[in-house]
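Based on the sequences and whatever the hints tell you, model everything.
Protein chains in written order, with this note's numbering: chain E, 1 to 294; chain H, 1 to 116.
The hints are simulated quantities; they were obtained by calculation from the structure and are not laboratory data. Mixed in with the good hints, there may be bad ones.
[Unchecked claim] Computed beta-carbon distance windows for the label pairs:
#, chain 1, residue 1, chain 2, residue 2, range
1, E, 124, H, 13, 45 to 53 Å
2, E, 51, H, 23, 33 to 41 Å
3, H, 10, E, 48, 35 to 43 Å
4, H, 101, E, 134, 44 to 52 Å
Don't be surprised by glycine CBs; every beta carbon is placed ideally from N, CA and C.
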Amino acid sequence: MRRSSCGWLLVSERLYKRLLYLYSKQFRAAYGRQMRLTFRDACREAYHRKGVGGLLALWLPTLLDLIKSALEDRARQGEITMSKARLIGLAVPLTILVGSIWLLEFIGNLLLRFGQVREERFWDLFLTFWVFAFILSFIPLLFALLGTRLRFHPSASTLGRFGLALSVTGGVGVIVSMMARLLLDAVAPEPEVGAVPWVGYAAVASFWSVWIGYILFGVDALRYRLLPRWNLLPGLLGATIVLTFGFEWFGVPAFLPTQWATPSLFISINGACLVLLGIVLIDQRREQQPIEAI
Amino acid sequence: MHEDIQRLLPLTPTMFHMLLALADGEKHGYGIMQAVEKETQGQMQIRTGSLYGSIQRMIAAGLIEETNERPDPVLDDERRRYYGLTDFGRRVLSAEASRIAQAMKVIQVKHILGEV
Numbered sequence: 001m002r003r004s005s006c007g008w009l010l011v012s013e014r015l016y017k018r019l020l021y022l023y024s025k026q027f028r029a030a031y032g033r034q035m036r037l038t039f040r041d042a043c044r045e046a047y048h049r050k051g052v053g054g055l056l057a058l059w060l061p062t063l064l065d066l067i068k069s070a071l072e073d074r075a076r077q078g079e080i081t082m083s084k085a086r087l088i089g090l091a092v093p094l095t096i097l098v099g100s101i102w103l104l105e106f107i108g109n110l111l112l113r114f115g116q117v118r119e120e121r122f123w124d125l126f127l128t129f130w131v132f133a134f135i136l137s138f139i140p141l142l143f144a145l146l147g148t149r150l151r152f153h154p155s156a157s158t159l160g161r162f163g164l165a166l167s168v169t170g171g172v173g174v175i176v177s178m179m180a181r182l183l184l185d186a187v188a189p190e191p192e193v194g195a196v197p198w199v200g201y202a203a204v205a206s207f208w209s210v211w212i213g214y215i216l217f218g219v220d221a222l223r224y225r226l227l228p229r230w231n232l233l234p235g236l237l238g239a240t241i242v243l244t245f246g247f248e249w250f251g252v253p254a255f256l257p258t259q260w261a262t263p264s265l266f267i268s269i270n271g272a273c274l275v276l277l278g279i280v281l282i283d284q285r286r287e288q289q290p291i292e293a294i
Numbered sequence: 001m002h003e004d005i006q007r008l009l010p011l012t013p014t015m016f017h018m019l020l021a022l023a024d025g026e027k028h029g030y031g032i033m034q035a036v037e038k039e040t041q042g043q044m045q046i047r048t049g050s051l052y053g054s055i056q057r058m059i060a061a062g063l064i065e066e067t068n069e070r071p072d073p074v075l076d077d078e079r080r081r082y083y084g085l086t087d088f089g090r091r092v093l094s095a096e097a098s099r100i101a102q103a104m105k106v107i108q109v110k111h112i113l114g115e116v
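See below:
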């Protein structure tokens, strides 16, 4: 086996090993090793048959199945009922997780653009994978938002509280409209889905609410120094997302160089902002100090 | 025993095909995945997460068990676990197969297959 192919397989196996932490401790102890061995076999066969494309094609359904089965496992263990403290604690890893997923898109884009992988089918697979990952990332993002809101609710002013509440509501809206869309796709033929425009409007409105909420919270963070450092981050995050999708939907303004104003670049900035925000929240958790009320 | 079997019927498609895959001998997780895909001609693909979730439930229900036998210990990775049908699992599979066979008779009488 060539060194590069070993690399792809090794990365897959390591990533899968990390993802197994989504399951309960009991389940991991009982089946974690077997799952890794089984996935390793599946990866090797997929790679042997169709190369990198086969590996990517294996990952998408595996990821969806992993999330579904991990949720089922957690529900069986009775771990899905969450306390306030737990949600606040979860905000840190989930914010970093979502940021990392978005950064991976940028890295994948760079690898495909400047690496040796130039075939169109890899791009198609990569884009499909990325769209699914981006949509699914709203689920951990919602929990991250809930935790952030619970953490900063006592210290933020009315503007910040409103911003956080708007973000959470937007997150719920995005997920509900995605589910509604899936449901409509499943029960109605395509033309009838198109005849239900409110699903699309609700999704767009919810999506913007998340980021406008972040901007409002960002203004509050700058005014009252809510974070121990890097108070610019929440506002920057919201603003860059608004710019990203604003450019995507309404076009890039003439004074900006179009080769740089790509969604990929902006999403990488968003991803980096989320990762840094998660790091700031770690720092705040370590300080273990009660947040002062204003 | 009869009531225990009836309580589990009808089996989910995943459980049914996993039991069917194990009917001709013990297999490890990946072996079960491959057998199910082959026996359903690619129409059903069980992913790793669902596979081990089902294995956990089926062991708890007494349908399958871990076995110590290794079909080919020299070639095989010794860390793998093999699973096989229990007597109860075989009876449940048989009961489910009878139920499907009964349905097949009705399908044949009503010429449903000819309409596909």
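field: Unmet hints by their number, sorted upward, for this structure
entry: As far as the earlier hints go, only 1 is violated by this structure.
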